[in-house]
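Go ahead and model the full structure; you've got the sequences and the hints to work with.
Chains A and B, in that order, give the protein sequences. Per full-length UniProt numbering, the very first residue in the first sequence carries number 1; after that it's consecutive. Per full-length UniProt numbering, the very first residue in the second sequence carries number 1; after that it's consecutive.
Honestly, the hints are just simulated from the structure, not real lab data. Do not rely on the hints blindly, as some may be mistaken.
[What the hints assert, rightly or not] Computed footprint of chain A on chain B; a stretch qualifies when at least three of its residues, placed anywhere within it, have a C-beta under 8 Å from a C-beta of chain A: (1) 222-229; (2) 238-249; (3) 327-341.
Glycine residues also receive a C-beta, built at the ideal position from the N, C-alpha and C atoms.
Below are the chains, spelled out letter by letter.
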Amino acid sequence: MTMRLSRLFAAVCAAFTLFVASPARADLNVVTTLPDLAALTKAVGGDHVKVQALALSSQDPHFVDAKPNLALALNRADLLIAVGLDLELGWLPTLQVGARNSKILVGNPGYLVASQFVKLLEVPTVQVDRGQGDVHPGGNPHFLYDPRQALSVARGITDRLAQLDPKNAQAYRDNLATFTTELEKSRADWEKRLASLRGQPVIAYHRTMAYLADWLGFDTIAYLEPKPGIPPNPSHVASVLAQGRQRKARMVLMESYYPDTTARLVASKIPAPLVTLHGGTDFKAKETYLQHINEMVERLEKGLAGKGT
Amino acid sequence: MATLSRRAHGALMAVSLTPFLFASGASAQDASAPPADAPVQESREDAAPALTPEELEEIEKALGSDAAAAQQNAPTGTAAPPASMPGGGSALSIPGVNTPNTGANFLDLSFILDVAAAAFTDKEPLQSGAHDPTRNGFNLQQLELSIGSVVDPYFRFDANIVFSQFGVEIEEAYGTTLALPYNLQVRAGQFLTRFGRINPTHPHSWDFVDQPFAVGRIFGGESNRGLGAEVSWLAPLPWYVEVIGSTTDATGEATARSFLGATSERVQSPFDLQLTGAVKQFFPLSDDLSLMWGLSTATGPNPTGYRNRTDVFGTDLYLRYRPITQAYNTTLITFQAEAYYRRRQVPGDVLTDFNTYAQAAWRFSPRWATALRYELGTAARGEDGARVIDPLDPDWTESRNRVSANVTFWPTEFSRLRLQGARDHAGWRDEAGYSLMLALELVTGAHGAHAF
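The structure is reproduced here in structure tokens:
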């Protein structure tokens, strides 16, 4: 009896040690808020980092539940990378405090805000209040749709990885060089494929398209949301539809995490294709950032050809 | 109920063991995994630039003499900065400096207003929460000012100050440590004790306009809270296990009702304080489905005689279904249940009673939700099992049950309107009472995130 018990105890101990020991294989344990940031970190970190994203790509990044298992991930993180600009304000601070890990708190080297590397768009120049909807007073946080901005972010991440893990600094810089080459090559191709989108009128659902429009040069003429975060209402939708018809909108753009009934109706009445974009890289399914943008470009190409997705 | 909880417990055991098996399986397959007896710390350390023990000693010595010099130079009456840092010596800098684009952000302020119009069929409604609508006509439930800020690298500060028509009340004001080692966290000040699910929360995070009567009956209208200190620990396990222990003043009519309550008993020994303990476990059953399970207990003195004590045991279950893996699905379904068993020593007897509630809420569109709640509270029974008169609630001689249902509309995440109806059947009254409430809530300012 005692023999059996002690063997069981030994087995449990071994399992426990293995569990505790296994995450230490990577040199750095990185947690990012969004899957796009995770994909960029993986691209430059390679095998030296273990990366986990708190949100899924199918999820609206404004509304993530502060689940305790996410706090647990932060408890074991060496580095937390967030978008910033209040995008994660509704859920990240609680997780940071609950994680009991001072490394990843604001102001410490283990906390990195990606928006500091970005040329920000839609920074309010007048005083804002919530009467204008769920505005981001620091600027639009949806910059990872633009691969040029993503590259700046990847550079920033590389510097921080190198600072935290100087032993592998050269590996990170080499990975960044490879990533830069690949991204620049793909970008030239993407820009060529979507050249005819330049100057075209487009309708969007939420104010997520600023950086994509800045990159590809299309003109967002209206948003289905009357104000950011406020769901569409009949009179506003009617005016958007009228604008779409009058200016011959080429497509209606939205993320897959928004309800699509209204968008589908408006698109069919313009008529224009409804192009649904994935809000981020499906990092959990091992998609890379380049694959994600490429997939988005394919969808936009189809949209230009008049086909919805 | 008993079979249900047993079955749930079995499922939990199975779930809690799974990560173990996965973890060991994955490591066993990987040939490059370090041997099981390798100290964890080792592979961590060679990630950092290697320092010899002599170098480390030199650094420590230099820091020590710097600290001593600072102490000598410090003007009298000013405390010297601490020589050693908590948190294992990780480099810390001043918060707020490294946050670009947001600027300095030293104090988060927000106001939350709860008002309601209510109608009751009872002349004296049996509402037990201090912020519940309690009379016909308009009710100012509360105006909450919440303040939060990081104080320094070691503490953050949070306060909730509640304004009512009758005055101002410091509901909570506490500091939380940010940099303790070993996964520990300490809160000190005045805070709501982390007993169960509803007790530590504020009205704006509830699915109903009013508080479950169990909380008011056992702890008081303001929920159990007190001046004291709390230690919590995140266990180094593959799933989330948090162990919480706190000690608080056992006084306050509206906050420690089953304990010393409004009496003027003094603290003479540590046994005169209220002790609260809890274990919270979280199971991410899938990306869409989460389960939180808690066990809580509180013990403290009651004023009925020398060393007479009250013990409260509770368990809470929270199931949340939110299909985040599906595109444009904004459904949110939650199920929440709590049960409280209370045991009180009184002269010549031991009183026990049982209170519970179960509620389900369904957010069926981004702006609309509906919820249903059932509550039950039994009469107090003596040691021999017979019903006895409870000195705290002399009227409560039979079971009471209440059913509430509501519909909520959110114009945005910062405001909500809620219509709620209830049927309250107290066995000691001739007829059931009915109520209808229309509540408005407004949130303004930088209101922080809520715990899960």
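Hint-by-hint comparison with the structure:
1. 222-229: Coverage by chain A is violated here, the residue count being 0 at a Cβ distance below 8 Å.
2. 238-249: holds (count 4)
3. 327-341: holds (count 3)
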